[in-house]
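Colleague: Each chain is listed here by its residues.
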Amino acid sequence: QQQVKQSPQSLIVQKGGISIINCAYENTAFDYFPWYQQFPGKGPALLIAIRPDVSEKKEGRFTISFNKSAKQFSLHIMDSQPGDSATYFCAASENTGKLIFGQGTTLQVKP
Amino acid sequence: DGGITQSPKYLFRKEGQNVTLSCEQNLNHDAMYWYRQDPGQGLRLIYYSQIVNDFQKGDIAEGYSVSREKKESFPLTVTSAQKNPTAFYLCASRDSTARKEQFFGPGTRLTVL
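First to last, the protein sequences are chains L and W. In terms of the numbering used here, the first sequence has 78 at position 78, counting the first letter as 1, and numbering is strictly consecutive. If you want the numbering used here, it's the position in the second sequence, counting the first as 1, plus 1000.
None of these hints come from the bench; they were simulated from the model. Virtual Cβ for every residue (Gly too), placed ideally from N, Cα, C. Hints are not guaranteed to be accurate.
Just the calculated beta-carbon pair ranges, DEER-fashion [to be verified]:
1. W/1081 x L/58: 45 to 53 Å
2. W/1014 x L/72: 40 to 48 Å
3. W/1008 x L/58: 18 to 26 Å
4. W/1081 x L/54: 29 to 37 Å
5. W/1010 x L/69: 25 to 33 Å
6. W/1057 x L/111: 42 to 50 Å
7. L/58 x W/1015: 25 to 33 Å
8. L/60 x W/1026: 36 to 44 Å
9. L/15 x W/1097: 24 to 32 Å
Each computed DMTMM-like pair below joins lysine to aspartate or glutamate, with the alpha-carbon atoms no more than 25 Å apart [what the hints assert, rightly or not]:
10. L/57 x W/1101
11. L/5 x L/53
12. L/58 x W/1030
13. L/5 x W/1059
14. L/71 x W/1101
15. L/5 x W/1101
16. W/1057 x L/94
17. L/110 x L/94
18. L/42 x W/1024
19. W/1057 x L/31
20. W/1083 x W/1101
21. L/98 x W/1072
22. L/98 x W/1038
23. W/1070 x W/1030
24. L/58 x L/94
25. L/68 x W/1101
26. L/68 x L/56
27. L/5 x W/1038
28. L/15 x L/94
29. W/1083 x W/1015
30. L/98 x W/1015
31. L/98 x W/1054
32. L/71 x W/1062
33. L/98 x W/1024
34. W/1070 x W/1054
35. L/42 x W/1072
With these hints in hand, go ahead and build the complete structure from the sequences.
Modeller: Now the structure itself:
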């Protein structure tokens, strides 16, 4: 019940295309859903986050879509660029602040 | 320049040795976390601390120990009891009063020789 399942494991997108990464959870007590971006050899950096009282949040080219009834949320990267090539992690937490991470998605954007 | 620092960046350990990884933050965050990252497995929580002089086990605490004597510091010791310690270790901190996000340090890559 504490798991967060992330798919796909890897993704290849052409420059200018849309990258979509999906996550699903079981624990209805989760109330914070961040996405992190990680480059090789670096620590993860927060990209965008959402709380379950909204269905969508957009920041620049990055959008989170949230479906509370289905217990799913996704990251959309519009106009994907080679510089977006990285590993993306979804996560979920409840009020303790502990984050449960998905397995990660390695994104490659081809020029 | 605020942030989280981890040292060393690379660490090599012989089997049977204990090693300590450093994590320092100057963000005045009260909560601090240690994660382990293995290829294809995401990040797994080792230990966390919400206040000074208190800490809790995460999902994979066996073979690790921590201390939290100062708000700014949360060192992690990888003991000889940890069977497979080669991994990338990440420290994070959070302002729990404001429910803000976790900020991560740059990581320490530990290799057992």
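Colleague: Look at each hint and say if it fits the structure.
Modeller: Here is what the structure says about each hint:
1. W/1081 x L/58: 45 to 53 Å: Hint holds: Cβ distance 47 Å, inside 45 to 53 Å.
2. W/1014 x L/72: 40 to 48 Å: holds, 46 Å
3. W/1008 x L/58: 18 to 26 Å: Violated, at about 39 Å.
4. W/1081 x L/54: 29 to 37 Å: About 45 Å separates the Cβ atoms of residue 1081 of chain W and residue 54 of chain L, which means 29 to 37 Å is violated.
5. W/1010 x L/69: 25 to 33 Å: The hint (25 to 33 Å, Cβ to Cβ) is violated, given that residue 1010 of chain W and residue 69 of chain L are roughly 46 Å apart.
6. W/1057 x L/111: 42 to 50 Å: Since the Cβ atoms of residue 1057 of chain W and residue 111 of chain L sit about 45 Å apart, the hinted range of 42 to 50 Å holds.
7. L/58 x W/1015: 25 to 33 Å: Given about 50 Å between the Cβ atoms, the range is violated.
8. L/60 x W/1026: 36 to 44 Å: This hint is violated: roughly 28 Å between Cβ atoms.
9. L/15 x W/1097: 24 to 32 Å: Check failed, 42 Å falls outside 24 to 32 Å.
10. L/57 x W/1101: holds, 16 Å
11. L/5 x L/53: holds, 21 Å
12. L/58 x W/1030: With Cα atoms ~29 Å apart, residue 58 of chain L and residue 1030 of chain W exceed 25 Å; violated.
13. L/5 x W/1059: holds, 17 Å
14. L/71 x W/1101: The given pair, whose Cα atoms are some 21 Å apart, holds under the 25 Å limit.
15. L/5 x W/1101: Since the Cα atoms of residue 5 of chain L and residue 1101 of chain W sit roughly 20 Å apart, the hinted pair holds (cutoff 25 Å).
16. W/1057 x L/94: holds, 17 Å
17. L/110 x L/94: violated, 37 Å
18. L/42 x W/1024: holds, 16 Å
19. W/1057 x L/31: Holds. Residue 1057 of chain W to residue 31 of chain L sits at ~22 Å (cutoff 25 Å).
20. W/1083 x W/1101: It is violated: about 32 Å lies between the C-alpha atoms, which goes past 25 Å.
21. L/98 x W/1072: holds, 19 Å
22. L/98 x W/1038: holds, 19 Å
23. W/1070 x W/1030: Since the Cα atoms of residue 1070 of chain W and residue 1030 of chain W sit roughly 10 Å apart, the hinted pair holds (cutoff 25 Å).
24. L/58 x L/94: holds, 22 Å
25. L/68 x W/1101: holds, 21 Å
26. L/68 x L/56: Since the Cα atoms of residue 68 of chain L and residue 56 of chain L sit roughly 11 Å apart, the hinted pair holds (cutoff 25 Å).
27. L/5 x W/1038: holds, 16 Å
28. L/15 x L/94: Violated, because 36 Å separates the two Cα atoms, which is more than 25 Å.
29. W/1083 x W/1015: Roughly 9 Å between the alpha carbons, so the hint for residue 1083 of chain W and residue 1015 of chain W holds.
30. L/98 x W/1015: Violated, at roughly 31 Å.
31. L/98 x W/1054: Roughly 15 Å between the alpha carbons, so the hint for residue 98 of chain L and residue 1054 of chain W holds.
32. L/71 x W/1062: Violated: residue 71 of chain L and residue 1062 of chain W sit about 31 Å apart, past 25 Å.
33. L/98 x W/1024: Since the Cα atoms of residue 98 of chain L and residue 1024 of chain W sit roughly 19 Å apart, the hinted pair holds (cutoff 25 Å).
34. W/1070 x W/1054: With a Cα-Cα distance of about 11 Å, the restraint between residue 1070 of chain W and residue 1054 of chain W holds, given a limit of 25 Å.
35. L/42 x W/1072: Between residue 42 of chain L and residue 1072 of chain W the Cα gap is close to 21 Å, so the pair holds against 25 Å.
Hints 3, 4, 5, 7, 8, 9, 12, 17, 20, 28, 30, 32 from the list above are not met by this structure, while the remaining hints are.
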